Amino acid sequence: MKYNLVCGFETHIELSTKEKLFCPCKVKFGSEPNSNCCPICIGAPGTLPALNREAVIYAIKMGLALNCKINLFSKMERKCYFYPDLAKAYQISQNDLPLCGPGFVELDSGKKIRIHHIHIEEDAGKIKNESDGIYVDYNRSGVPLIEIVSEPDISSIEEAQEYIEKLQLTARYVRVSDARMQEGSIRCDVNISVKPENSDKLGTRIEIKNMNSISFIAKALKYEYERQVDVLESGGQLIQETRRFNEQKNCTEGMREKEDASDYGYFPEPNLPSICLEQEKVDEIKKNLPEMYYSRKKRYISLGVPEKTASLLVKYVNVSDFFDSAIKNCKSPERVANLIIGQIFSFLGSETEKEEFKISVSPQDLNYLVNLIADNKLNMASAKNLLSSALEGKGNLKDLIDKFISESPKFDLKAICSDCTEACPEAVQDYLNGKEKALQAIIGKVMAKTRGSANAAEAKNIIISIINEKKDVEKN
Amino acid sequence: MASKISKDEILRLAKLSRLEFSEDEIMGLLKDMENIMKLTAKVEEYENDKIYNNSKINIHQDYEKPEYDACTRDEILSGGINKNGFFFIKKY
Amino acid sequence: MSKNKGLIRKIHDALVAKKVSCLELTSWYLREIEKSDLNAFITVTKEQALESAKKVDEKINKGEKIGLLEGVPMSLKDNFSTKGILTTCGSKMLENYVPIYNATVYEILKNQGCVLLGKNNQDQFAMGSSNETSYFGPVKNPHDKTKVPGGSSGGACASVASGLAAFAIGHDTGGSIRQPAAFCGIVGLKPTYGAISRYGIIPLASSLEQAGPLTLTVEDNSIVYDCLAAHDPKDETSSKIERKKTFNSLDDSIEGLKIGIPTNCFEGSDKEVYDAVEKAAKFYEKFGAKITYFAFPEFDLSMPVYCVLGRAETASNMACFDGIRYGYKYKGEYSDVNDLMAKTRSKALGDEVKRRIILGSYVLNTGYHDALYKKSLGVKKLITDKVAEKFEEFDILITPTSPTTAFGFNYAGDDPVKMQLADICVVNANIAEIPALSIPCGYDSNNLPIGMQIMSKCWSEDLLFRVAYKYEKENFFAKIIGGVQFEI
Numbered sequence: 001m002k003y004n005l006v007c008g009f010e011t012h013i014e015l016s017t018k019e020k021l022f023c024p025c026k027v028k029f030g031s032e033p034n035s036n037c038c039p040i041c042i043g044a045p046g047t048l049p050a051l052n053r054e055a056v057i058y059a060i061k062m063g064l065a066l067n068c069k070i071n072l073f074s075k076m077e078r079k080c081y082f083y084p085d086l087a088k089a090y091q092i093s094q095n096d097l098p099l100c101g102p103g104f105v106e107l108d109s110g111k112k113i114r115i116h117h118i119h120i121e122e123d124a125g126k127i128k129n130e131s132d133g134i135y136v137d138y139n140r141s142g143v144p145l146i147e148i149v150s151e152p153d154i155s156s157i158e159e160a161q162e163y164i165e166k167l168q169l170t171a172r173y174v175r176v177s178d179a180r181m182q183e184g185s186i187r188c189d190v191n192i193s194v195k196p197e198n199s200d201k202l203g204t205r206i207e208i209k210n211m212n213s214i215s216f217i218a219k220a221l222k223y224e225y226e227r228q229v230d231v232l233e234s235g236g237q238l239i240q241e242t243r244r245f246n247e248q249k250n251c252t253e254g255m256r257e258k259e260d261a262s263d264y265g266y267f268p269e270p271n272l273p274s275i276c277l278e279q280e281k282v283d284e285i286k287k288n289l290p291e292m293y294y295s296r297k298k299r300y301i302s303l304g305v306p307e308k309t310a311s312l313l314v315k316y317v318n319v320s321d322f323f324d325s326a327i328k329n330c331k332s333p334e335r336v337a338n339l340i341i342g343q344i345f346s347f348l349g350s351e352t353e354k355e356e357f358k359i360s361v362s363p364q365d366l367n368y369l370v371n372l373i374a375d376n377k378l379n380m381a382s383a384k385n386l387l388s389s390a391l392e393g394k395g396n397l398k399d400l401i402d403k404f405i406s407e408s409p410k411f412d413l414k415a416i417c418s419d420c421t422e423a424c425p426e427a428v429q430d431y432l433n434g435k436e437k438a439l440q441a442i443i444g445k446v447m448a449k450t451r452g453s454a455n456a457a458e459a460k461n462i463i464i465s466i467i468n469e470k471k472d473v474e475k476n
Numbered sequence: 001m002a003s004k005i006s007k008d009e010i011l012r013l014a015k016l017s018r019l020e021f022s023e024d025e026i027m028g029l030l031k032d033m034e035n036i037m038k039l040t041a042k043v044e045e046y047e048n049d050k051i052y053n054n055s056k057i058n059i060h061q062d063y064e065k066p067e068y069d070a071c072t073r074d075e076i077l078s079g080g081i082n083k084n085g086f087f088f089i090k091k092y
Numbered sequence: 001m002s003k004n005k006g007l008i009r010k011i012h013d014a015l016v017a018k019k020v021s022c023l024e025l026t027s028w029y030l031r032e033i034e035k036s037d038l039n040a041f042i043t044v045t046k047e048q049a050l051e052s053a054k055k056v057d058e059k060i061n062k063g064e065k066i067g068l069l070e071g072v073p074m075s076l077k078d079n080f081s082t083k084g085i086l087t088t089c090g091s092k093m094l095e096n097y098v099p100i101y102n103a104t105v106y107e108i109l110k111n112q113g114c115v116l117l118g119k120n121n122q123d124q125f126a127m128g129s130s131n132e133t134s135y136f137g138p139v140k141n142p143h144d145k146t147k148v149p150g151g152s153s154g155g156a157c158a159s160v161a162s163g164l165a166a167f168a169i170g171h172d173t174g175g176s177i178r179q180p181a182a183f184c185g186i187v188g189l190k191p192t193y194g195a196i197s198r199y200g201i202i203p204l205a206s207s208l209e210q211a212g213p214l215t216l217t218v219e220d221n222s223i224v225y226d227c228l229a230a231h232d233p234k235d236e237t238s239s240k241i242e243r244k245k246t247f248n249s250l251d252d253s254i255e256g257l258k259i260g261i262p263t264n265c266f267e268g269s270d271k272e273v274y275d276a277v278e279k280a281a282k283f284y285e286k287f288g289a290k291i292t293y294f295a296f297p298e299f300d301l302s303m304p305v306y307c308v309l310g311r312a313e314t315a316s317n318m319a320c321f322d323g324i325r326y327g328y329k330y331k332g333e334y335s336d337v338n339d340l341m342a343k344t345r346s347k348a349l350g351d352e353v354k355r356r357i358i359l360g361s362y363v364l365n366t367g368y369h370d371a372l373y374k375k376s377l378g379v380k381k382l383i384t385d386k387v388a389e390k391f392e393e394f395d396i397l398i399t400p401t402s403p404t405t406a407f408g409f410n411y412a413g414d415d416p417v418k419m420q421l422a423d424i425c426v427v428n429a430n431i432a433e434i435p436a437l438s439i440p441c442g443y444d445s446n447n448l449p450i451g452m453q454i455m456s457k458c459w460s461e462d463l464l465f466r467v468a469y470k471y472e473k474e475n476f477f478a479k480i481i482g483g484v485q486f487e488i
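Residue numbers (our numbering), protein chains in the order written: chain A, 1 to 476; chain B, 1 to 92; chain C, 1 to 488.
Rather than coming from a laboratory, the hints here were simulated on the basis of the structure.
Quick caveat: nothing in here was measured; it's all calculated off a predicted structure.
By construction, the Cβ of each residue, glycine as well, lies at the ideal position given by its N, Cα and C atoms.
Treat each hint with caution, since some may be false.
If you anchor each label on the Cβ, the simulated ranges turn out as follows [stated by the list, open to error]:
1) L72/A to A17/C: 58 to 64 Å
2) G85/B to T242/A: 29 to 35 Å
3) N246/A to E64/B: 46 to 52 Å
4) C251/A to R73/B: 53 to 59 Å
5) P24/A to N475/C: 47 to 53 Å
6) G482/C to L72/A: 58 to 64 Å
7) K91/B to F29/A: 24 to 30 Å
8) M1/A to R73/B: 57 to 63 Å
9) E64/B to S109/A: 56 to 62 Å
10) M1/A to G85/B: 54 to 60 Å
Some residues of chain C that are not near chain B, with every Cβ distance over 12 Å (derived) [stated by the list, open to error]:
11) K5
12) N39
13) E58
14) N61
15) L68
16) G113
17) N248
18) E272
19) N447
Next comes chain A alone, as it looks inside the complex (with noise of 0.2 Å):
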């Protein structure tokens, strides 16, 4: 029997917000072990939390971004369980009213993934287990993260490996995240289940935790995929359960039972009012959202760059944003883009760096470059070697540019290029006879005898005025 995989999504995303979520302790990374941390974060009693604002419509943002209805009220509430990361025995999130209520990722495919609700909460420190005991870093707590919950709507590894990477552009795009599975800025629970194909009933749900890598993610949903398969193939049943991936072993382990989700205890947090928002501000913000990666990129394509080239661009927001940047006035978008994906990228090595865009060449410069090239100024080669040296660090672009251009030896490329044509009838006559080719010979001199320095297509158009014209005066 074949049979299908069905599987949906818990993601957790930290915001970048400058603080916290109840307090001003900074959001940020690699701090000593609970040095970035205040009464609140370590849950001290009597301890009340502020709401930060700027979370809530950091929320907002990619819940309109991910096309879904925002709620004008929402309430916080406490989800109770012990766990010596969780300072106050109980995390402040939402349950019954979330945030953000159903909306949708569009896949390239055009398939829809529905998003069940987006809902904020409060980040928990972070243990680590020791031969000698459990060592606690509350500097993790209480960073703002929002989970996006999505329907069972995904169905393939390659479906589940473009979600997250959609979700991950969307966070970028909107800048509220810079979402590196890496640095856990974003993670998922996976739920996934299998069922023959023919039928309508769902599966038994079993639920990964935690997962921090997009390829973990396409290796425990083949196994786990082929493990339920196998179960029911063999006649068993598979049991509703938390699993864990192992990483060494590249398969997933069943964990220890947890405590039922009924058993969390959810109930109104007493400290926070609810939260109400106002439609015209919500639409204020909606209307204020960065342009989304899709409609870039169909905009790149409609400027004349290739649909490859496009998504590349694209899949980096700075480099978007560089791009966007440098084609303001541009005489060729589609020569930027392949600069960048090119030779700027060839520059960048890893993910990471390409993320960062940080290069020191202004997108000013880069037009200005691509401009001459344009207007025949400039030649291809040298073009490339004067950004070289340009990220190199070597110099400003601009400034490199204006240099090469005044230290160029100045000669009369038209008295070259008839010195040249002159100089080679056969290559003439070959030319007049059909054979385009020919005139290579001709431009070969003439680049020789400037050192490369000649633009070759300028020299090629001039060559070929002077062949006509000889022509024109021979036939009077």
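Let chain A serve as the given structure and place chains B and C on it in line with the hints.
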């Protein structure tokens, strides 16, 4: 609603609340809880929608941010067992 | 202003006139605390007190002006966080707990220059109505040492009543200011919910509790309330409404007052209490007050709602005490971290605390929570709305504060419901979020004080004080039992 609370239920709640009770204490708890539940049974007669408190946080309104006195890391750690700057729970 | 000055103004005048130095005054109080056998204090902050007293004296000696509360010796219930000063909440769990920050209430009083004498005994985590659940032993009632002072702010009330502090700050979740104030014969206010910051108060039931002043006189209470009632951005439930200053209008007219008497709140009251409170209500007829008796069945729902909401919030507020970040740490061996938490909590939390946690946990779990917790929230709203309607008819409601005067130790035995019913009249104000004031209105045949409770609509503390002030002026009952004597 269950008017009778079972011993198993008490044991489950005790585990959930990280509390331990002796047999006698559990019997006492059962009695207390039934008395209190008799009192709270009155609430059961009322049908209500979800109603929350009246006050609201309007996110768009001007907001005076609270200011707190700074705390040192030593102060943060002062109430627990400090090991290398972490709160430490010894393993046996 | 009246010729009857309250204690705070008398102290202020004496300090300014240099009849007594702040250091002398503070030393008197400290000496009386030391001598007292009421067990009203858990911690005495002798050195800090003398230090702050000296600062006040320096100011006075330099001829600088001092504020009304500056140099006035006072005490705090032991659930207000005080940086660097032991804050036990009357519990073994926090026996050695020293907070690393200040409660807003303490911060305000400190800034006013008040002299903190110490931290008062209380029921463990404020759970109780007799002060008997304290890990540090019960407090005795200054009027009769075989009787309880009431609770949970029992130590604070006993201190004020016996001249161990000029005033104290208590905290009231279901009567914990007013009931002990009545038992000790002093004045206690539970303000409108959201009037005074809760930041730094070790919580019992967050949606119900408020801090409030415990004083010898109405005037003193009004002065302290005016000082504490302010918006605090650290507490999101602290209202932004502008608080009316109450002190300046104390002596204003109350002509034509409409008084409502909810008869069901008098049911079950001792006859002497009933008669004294009714007589006190009738006192207002000479100001043209109209008294109406009516049944208010919604008030009968307050205690059940209180039990559900209070227990649920308490269970989650108590969950942070797991022995990792602060408080008691279990010293023996344990199998894992859950076992450590269970052993820590079982050893260091008192019986009443554990009882309430289990009940709260029951309310919040097993799908029970929709049935009971939310229903109770709904009924709370219903009570609040009905009470608001009543205040369109009446300016104030009068009831006994407690159905009895101070009872003996071990009054309720093992029956927590019986103890809970001691709060049957006071709990309504917490549920309805309205302000309520308890003032002494006489003594029973055993010479134990009787308390009258006056309630009004939200944000009309000024009216409460005005009404109480009229009564106090002509029928003064408060007296200091021993301790530092200031003639009033």
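Going down the list of hints, with the structure as the test:
1. L72/A to A17/C: 58 to 64 Å: The hint (58 to 64 Å, Cβ to Cβ) holds, given that L72/A and A17/C are roughly 60 Å apart.
2. G85/B to T242/A: 29 to 35 Å: holds, 31 Å
3. N246/A to E64/B: 46 to 52 Å: The hint (46 to 52 Å, Cβ to Cβ) holds, given that N246/A and E64/B are roughly 50 Å apart.
4. C251/A to R73/B: 53 to 59 Å: violated, 41 Å
5. P24/A to N475/C: 47 to 53 Å: Because 51 Å falls inside the window, the suggested range holds.
6. G482/C to L72/A: 58 to 64 Å: holds, 59 Å
7. K91/B to F29/A: 24 to 30 Å: holds, 27 Å
8. M1/A to R73/B: 57 to 63 Å: 60 Å Cβ-Cβ, so the 57 to 63 Å window holds.
9. E64/B to S109/A: 56 to 62 Å: violated, 49 Å
10. M1/A to G85/B: 54 to 60 Å: holds, 56 Å
11. K5: Holds: least Cβ distance 36 Å, greater than 12 Å.
12. N39: holds, 26 Å
13. E58: At roughly 25 Å from the nearest Cβ of chain B, E58/C sits farther out than 12 Å, so the non-interface label holds.
14. N61: holds, 30 Å
15. L68: holds, 26 Å
16. G113: Holds, since 19 Å exceeds 12 Å.
17. N248: The assertion about N248/C holds, with a minimum of 26 Å to chain B.
18. E272: holds, 27 Å
19. N447: About 33 Å separates N447/C from the closest Cβ of chain B, which puts it past 12 Å; holds.
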